[in-house]
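Asks: Sequence:
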Amino acid sequence: MSKRKSEIEKFNGSNNFVLWSINMQALLTTQGLAKSLDVEDKLPIIMKAFERVELMEKAKSIILLNLSNEILIEVAEEKDAAAL
1 MSKRKSEIEK
11 FNGSNNFVLW
21 SINMQALLTT
31 QGLAKSLDVE
41 DKLPIIMKAF
51 ERVELMEKAK
61 SIILLNLSNE
71 ILIEVAEEKD
81 AAAL
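In the working numbering, the protein residues as written are 1 to 84.
The set of hints was computed from the structure by calculation and includes no laboratory data. All values derive from a computational prediction rather than experimental measurement. Using N, Cα and C, we set each Cβ at its ideal position, and we do this for glycine too. Just to be clear, a hint being listed does not mean it is correct.
[Unchecked claim] Calculated pairs, DSSO-like style, for lysine-lysine (alpha carbon to alpha carbon, straight line, at most 30 Å):
no., residue 1, residue 2
1, 60, 79
2, 58, 48
3, 10, 35
4, 10, 60
[Unchecked claim] Pair by pair, the computed Cβ-Cβ distance ranges are:
no., residue 1, residue 2, range
5, 17, 57, 32 to 40 Å
6, 52, 14, 31 to 39 Å
7, 75, 26, 19 to 27 Å
8, 18, 49, 27 to 35 Å
9, 8, 80, 27 to 35 Å
10, 16, 50, 32 to 40 Å
11, 58, 15, 20 to 28 Å
12, 70, 49, 30 to 38 Å
13, 14, 78, 18 to 26 Å
14, 57, 7, 17 to 25 Å
15, 18, 83, 14 to 22 Å
16, 82, 48, 15 to 23 Å
17, 54, 10, 20 to 28 Å
Assemble the whole structure, with the sequences as input and the hints as a guide.
Replies: Laid out in structure tokens, this is it:
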């Protein structure tokens with residue numbers, strides 16, 4: 001199954017965060033990554049540790065790619081998608 005690329009406006013601090021977060025949630029859902037927004041210890045028990053790590057890394061990357069450089073520098077130290 002191919003993953004469709006969806007584009008959303010990067011969050012830059014001056015555009016509407018609520019709309020951006022709705023779009024980001026939808027994008028993560030279409031990529032099968034919405035569970036990454038849960039706290040990691042709430043991820044399914046049946047999911048193997050490496051699968052959880054991969055899920056979290058993919059989601060974090062997608063979120064980071066959808067932030068402007070000005071915002072990115074402020075949140076670069078965050079550890080996971082939920083924190084972003």
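Asks: Determine whether the Cβ-Cβ distance between residue 18 and residue 49 falls within the hinted range of 27 to 35 Å.
Replies: 34 Å, holds
Asks: Range first: 19 to 27 Å. Now tell me if the beta carbons of residue 75 and residue 26 are that far apart.
Replies: The hinted range 19 to 27 Å holds for residue 75 and residue 26, with Cβ atoms some 20 Å apart.
Asks: Taking the Cβ atom of residue 70 and the Cβ atom of residue 49, is their distance within the range 30 to 38 Å?
Replies: 35 Å, holds
Asks: Given a hinted range of 15 to 23 Å, is it respected by the beta-carbon distance of residue 82 and residue 48?
Replies: About 20 Å separates the Cβ atoms of residue 82 and residue 48, which means 15 to 23 Å holds.
Asks: Within 30 Å, alpha carbon to alpha carbon, are residue 10 and residue 60?
Replies: At roughly 14 Å apart (the allowed maximum being 30 Å), residue 60 and residue 10 satisfy the hint.
Asks: If you check the beta carbons of residue 18 and residue 83, does the distance land in 14 to 22 Å?
Replies: Holds: the Cβ-Cβ distance is about 18 Å, inside 14 to 22 Å.
Asks: Could you tell me whether the CB distance from residue 54 to residue 10 stays inside 20 to 28 Å?
Replies: Given about 24 Å between the Cβ atoms, the range holds.
Asks: Determine whether the Cβ-Cβ distance between residue 14 and residue 78 falls within the hinted range of 18 to 26 Å.
Replies: Holds, at about 21 Å.
Asks: When you take the CB atoms of residue 58 and residue 15, is the distance between them in 20 to 28 Å?
Replies: 24 Å, holds
Asks: Is it true that residue 57 and residue 7 lie within 17 to 25 Å of each other by Cβ?
Replies: Between residue 57 and residue 7, where Cβ atoms are some 21 Å apart, the hint holds.
Asks: Assess, step by step, whether the Cα of residue 58 is no farther than 30 Å from the Cα of residue 48, and give holds or violated.
Replies: 16 Å, holds
Asks: Given the range 32 to 40 Å, decide if the beta-carbon distance of residue 16 to residue 50 lies inside it.
Replies: 36 Å, holds
Consistency note: the structure conflicts with the earlier hints numbered 5, 9.
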